[in-house]
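Chemist: With the hints as a guide, dock the two chains, each given alone in a separate frame, to form the complex.
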Amino acid sequence: MAAPMVNFYFQLIAFAFLHQCTGTSPEEFFKSGHTNNWAVLVDTSRFWFNYRHVANVLSIYRSCKRLGIPDSRIILMVADDMACNPRNPRPATVFNNANNQINVYGDDVEVDYRGYEVTVENFIRVLTGRLPPSTPRSKRLLSDEHSNVLVYMTGHGGDGFLKFQDAEEISNVELADAFEQMWQKRRYHEVFFMIDTCQAESMFQKFYSPNILAVASSKVGEDSLSHHVDPSIGVYVIDRYTYYALEFLETVTPGSKKTMGQFLEVCPKYQCISTVAKRTDLFRRDVNKVLLTDFFGSVRNVELLPDSIHLQNATLHTHSEDSSDVKSDKPLSYAQQFPMPV
Amino acid sequence: MASDSANLPGGKITFLLFLALVNFSFTIGIHNDNFSEELYVKPFSSGHVMFHFQFTTVWNVSIDKPESFQHYHLFPKSLGDVLTTYKVKELHLSQTQGLWKHEKWGYPPEDAPPGDELWVWFQPHSGVDQTWADLVNALSGLFCASLNFMDSKSTVQPRWSFRPAGLASEFYSADSRFVRYSTLPREVVCTENLTPWKKLLPCGSKIGLASLLNSVKIYDGFYHSLGVHVRSVCQDTQCLTPATELKQTLTVVYDPTTNKNGKQDWSFQSMFDRTLQSQCPLADTRKIYVDVTTQETFPKFSLSPVPDFVLNQKRSGEERKIAVYQIGNHLFASSLNLKAMYEEKLTFSNSSLPPVYANRFVTGYGLERGGVTCMIYNTMSSNTTVIFMETVPWFLRVYFSSLRIENDGKEIKPYKINFIPAKDRANPYQMELVFRLFANSVTKITYSFERAFLKWTEYPPDANHGFYVSSAVVSTVLPVASQYTATSQSVSLLEESFSDSSSSFFLRLHTETLLVSLPTPDFSMPYNVICLACTVVAIAFGSLHNLTTRDFTASDPSKRKGLVAKLKSFFKKEKESPENKLDSKEEETPSQKDKDNSKSEEKDSKEKDGNSET
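Those protein sequences? They're chains A and B, same order as listed.
The first sequence: position 193 = 193 (my numbering), numbered continuously.
Take any residue in the second sequence, count from 1 to its spot, add 342: that is its number in my numbering.
It is possible that some hints are incorrect.
Claimed, not checked - Facing chain B, according to a computed beta carbon distance under 7 Å, are these residues of chain A, among others:
| # | residue |
| --- | --- |
| 1 | 81 |
| 2 | 84 |
| 3 | 116 |
| 4 | 120 |
| 5 | 328 |
What the hints contain is simulated information worked out from the structure, not anything from laboratory work.
Virtual Cβ for every residue (Gly too), placed ideally from N, Cα, C.
In isolation and in its complexed conformation, chain B is listed as follows (with noise of 0.2 Å):
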């Protein structure tokens, strides 16, 4: 073989090309799923700066067929095996630190409650409850999160908040069976589950989009959120086959006016210390999109390098001005730095207001009761229905006697309630409202709860940071895509949501965490008790003791010894004490003698005692 292409000079590059040929119309021929990273960057008007990396990979398999996930390329095998192992139809894992600050930020593309939120639409089946919890081990040990938390006690099925984000019968989508919901309020986020999810890509983290995912920059964000979401999709237009689709999300905000000069500058290499030296050859669309509607007007700044193209985004009722970059254009002679330079430090200005936004605090003081307020907001001047649904655990005993929702002091009559309240230890409050918000109004939902003891082994070793409460959940549909960044239903990726023609937008918001104490036993308390009961024991009862039993014989003050003579009898016992050991044969006879008169006299005495008695 060798010396044949060592005679033939053009012979071993024929060859090659001939083998790449093959090579590529063969990987074309079997492999059906697609791979895009794509990475927004938004600035907003109070000075932060959103990245927004979405990584999609779909694959032209339904999710119903698990036999079908087989052959694994570009969709990562470790979670289609928890996927299809566990009958799961839809899965979307949050894992977020920070809130996200509608009234300055607008909505992002992917709305995360503080902590991690997992919520999974199953394939009908029975037993869902234990394919659930043998799901959240499955994922814990995947992620690197305490997901194995999310037990019956902090689950619900929500019934209308959380319906399937793809394709699904609505037959099948109205049955809440088969729905899971749960949050874990206090959980971490850090570089150890950055670590699985960057496994998870098809590139890794070495190359492309996610080799700017620096762990000391991202975590030293204001927000981050990571997500991972798994759907079913239309394969293509007509739509008889669905495909999976694989989003991994992160969303990190910077706040870059805290360097040297005040202003909202940023890049690549302030903001990740790091620039783009590569790109994913296993993605179809690599690109980056800034938003620069406002570069124009104010606050001004300029890209560099330039956008390949800056199309107009044409949502209803909102207006943005997207620039493209397609990587590969920008690779070739370095790396890709991206940079905005404003012209003058940033000054704050009263941004516009999102449609609707929400606040929620706990009201009340002391250790026994207490409330929960929620505010939510309409800036619209239309009339808007909203589903509000809460999850208390269960050692806040809701009464839903006290539950009222009011607007501008007149009360709102819900048009559908689904309150199940909790079982003690089993069960978690469950509440979801439907209810209308009016236009330009505040509405406020309150109710009142009472704190419960627990047991004090349920208490965690930290037991007097107190206990979480997580996140309301609060779902409308917007008239119009005000500030409003998330993709649509129907396509995957960002660049498809761009010229999107409808005329409704779902808006999904969570609103803050509530940290709640309860009454906290002093767990030093066994200990302080065992010491001032020896102490009490030692002093009290000894004494009482010595008190009770102790004989008491009157003595001759006149034949009280002084000092000096009690000293003399001191020494004097000592010189006794050779000379008696001597006599103390002689001596025990007289004291025998004496116990006789003794016992003589006891028998005297008894008879005496005797004669006495009858």
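One chain only, chain A, in its complex shape (with noise of 0.2 Å):
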């Protein structure tokens, strides 16, 4: 007798509760256009001295998982390995901050390009899709029209050129005509390119493919500035751009209501030093209006269906006595292990 009863109050907090989610009602759920999200965060600096690098792109890393972007949507490219260096005091950690706050590293990553697998081909490759058949899905940017992909670059650069481990470099618009082969193949919905080098502005300069919101850690003919040392490393911990970008990301969630126009006002002058450019002409929505999740966090839509649907058992037929097709005639033996008279 109170089944029903406890049933509709189920439905009725559940109802609720779903709103209370949205906020809004259904139709403006799905009103931002993009059904998943991807993430290409790229470090380009090898050996010790470029730790804060490192650092960069594990804080953005950090960031997207956080606000839930899974592994297997991310492909992370790590130049060189600063949290199992001999030269870490602490290993298997990398800190944002000399007080050790937070350990970027953490216990859960998983590094899709490592090393000398780091390179201007492996990058435009993973961006254009154009990878040989045998890399594994791990590897590759399997995005669609409706994905909205961020792509955060940091390392050395310079006016229209990024340096990738000190052998060779990207231009800008090498860069810019990557990203129009993504447009043409529809790779992508829209995307956010943030840049963390010295004269990031110069390698979005270029950029000509619709949908794509940029921000950059310093103009033309600024340097992008580390902000502090750790003594106990002997080398710059973090930049001040991804920094504060990261300071700002540790007070969102996954539900959060904050929008890329508070995001792209991240760093003023005063605490960067050089000036945060951004360029938004070629995006098509109003960035106070574009949530901060659209990009860093994962969309997780979710229909419902008020009728079920009956699915067909369409199950292979287990082959549970199979095993005793496999019985050879004579014992198995192990194979002689050294091969030599003894």
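Modeler: Below, the structure is given as structure tokens:
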């Protein structure tokens, strides 16, 4: 007798809860237009004195994971190993702060491209999807026309180029062409491009594909500066722009209503010393109305169906007795591991 | 339904019990795999302590029949899919950081070289090279390691050294067409490799022994090695059907004497910063073993909590005492923090040397030539045959004629040699030697090489670091299990190896890797050359051009003006210029007249020249 009443109250609570979550009607929930989120996070610097670049990219990786993007949708490229470097006094950790506040390396990290694999060719192949057939899924950017892709790059750069591992460089023209290829192959819905290098603005000046929102840590002619030194390590541990960006992102929860407009205002000149540059002309929406979690978080669109669907039982016939077919007539033996006479 | 159970007070409980019973019998009926988690702790006389975790899954299906790899239960599907897609029969992957010190620590349960080592036996099929290339790519994605660099330049087919470790026919194991071996000595092992390894475990890393695996403490250790080993084993003693065994091992060595009181005290809390709070319910065997052979003699230590029982491990020539803990018995009150407390500080003593161990190093100086020497020590009182395998990259051009095996100055002729020279940028040098190690002696193997010039695009971004040569592999058979901790071939678990009655023990050990510098160009050279060349052009060419094209006219020294006169003439010119503009037209006619005069003069001179020529 009580059961139907309990059911009704349960549904009512669930309905109210759902509304609480979205805050708006279901139609508005799907207004952003994207259905999945990807992230391509690249650190291009090698050697111990570039510790801060690895800390930069791991900070963004940590934020993406925390806000919901799973490892299978993140392509993390780290050019050198800082956590297990023999010079690291605290192995398996990369901190963003000399006071060891946050271990951005964490306990659950998956690096897809490491060491010598971080090259300009691999980066462009990942973006455009032109990878050799034997590349595993975790190393592929399998985005479609409804994907929002976050691309973050950090390293040493100059006016119009970004150095990869001190051996080669990618120019802003190549990068713009790579994004245009992505657009023509319908590999993104919207891209948020973040770059933290010296003269970073030059890297997005040549973009010409639609739906790209870009932010850079410094203008052309300016250097991006590091934040502070950790005396026990002896190198700079993080760059200013990413430090303050991480500080901002730590306050964001998966259900947050913070906008991209707020994120683009992070790190004013008195904090960053360099001027944060942004490019919004290619982006169709108003940045003050775009949620931060559209790029940093992961969309979990749930569609509630009122009626039930009957699935056919299409499981394969289990060969539980099949092991008897494998029985050989004479006993099997282990291989002789030392084939020479003793 | 709810109203019915509400009426009967005990009805709910019986219903749940019935469901549980049905589920229990259901699972036993359908699932044909079992999982075990074991931890083996062994303190060494040098003060170090080894923790060897072994997670074994045995699935009663044959790896030779890929269609039977369905309905995954405890065996990880991600690995099973890779094994079936790439026709793998056996797979052995190890990821190690650090060097195992055989002289101090004896033999580990799984010997591994520094870096990554992968050796695979494939099902017989054609095109194994392509399958190998695809397999290493798939594994690189699975284990977050750069295994895709294991291409033909560093892959060999060992003929005698890496025979299958599981069930295989003699005909198949003698055929080296289906085996591939490759190492990456430079590869780093960090949390990003531990994470996917932990995800292969049935209980994950939240409960059971795997919950002790704290990456911050493990990668702070002296030596750590991750291993994934897949092979075919017997399902039962009759051995008419094969089963697939997946053994995941993690060996980590700590040095607890670096704490404040200098004693070799160790505990879960101090080594892993965690205590064991749960056990994996999917595991059949959940045990911890501690080697307590020296507990009563020297150095004395006590274990807390008290072990469940102590068993004597007898292996030919070696007797060890193993304290066994059944994890379930110790989790009732609180968590299990296994502790060993030593009475005295550590005193260094000469530990007994293992029967066979090896050292390898580079000799020579300069960037043109060099040599490699490997010393293999035999401390037993009997001779033994050994297989020595080396893989040298193509850019260290080995002189096979310089290969010498010496024992106490006398040259030893090897029983068999398998030497495959390298092909530039295609294959490495592969060398396998079979020879005899005499009792109580040192055997020295030497060969020399010449360093090659690489093309400038072939250098890695940190070219001045040098290039690594993978470790040599020494395989032999020991008559005594002295300091031998590996599991025997016919069993899967550590506890099954404790009562081992075999009389010969297969040993494989790896030597050090080598770091060799090649003649490296100065990569800042193009920039320097451009600066220098432009400077030379600007200074030298400019002045030379001026020198050769300037027209020199003689000047009258008496008409040479002094400084004051020059200034006066300068100001005079300025005054004259406005006047000159008005008279410019008039002045043109005199200049035109001059030009006409000069033209007529030229004509005269030409006529004169013409006259002179004729």
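Chemist: Please verify that hint: residue 328/A, Cβ, nearest Cβ of chain B, below 7 Å or not.
Modeler: holds (6 Å)
Chemist: Tell me if residue 120/A is really an interface residue toward chain B, meaning its C-beta lies closer than 7 Å to one of theirs.
Modeler: At 12 Å from the nearest chain B Cβ, residue 120/A fails the 7 Å test, so the hint is violated.
Chemist: Holds or violated: residue 81/A as interface residue toward chain B, Cβ cutoff 7 Å?
Modeler: Hint on residue 81/A: holds, closest Cβ of chain B at ~4 Å, below 7 Å.
Chemist: Is the shortest C-beta separation between residue 84/A and chain B less than 7 Å?
Modeler: holds (4 Å)
Chemist: Does residue 116/A hold up as a contact with chain B if the rule is Cβ-Cβ below 7 Å?
Modeler: This hint holds: residue 116/A lies near chain B, its Cβ roughly 6 Å from the closest one there, short of 7 Å.
When held up to the earlier numbered hints, the structure conflicts with hint 4 and nothing else.
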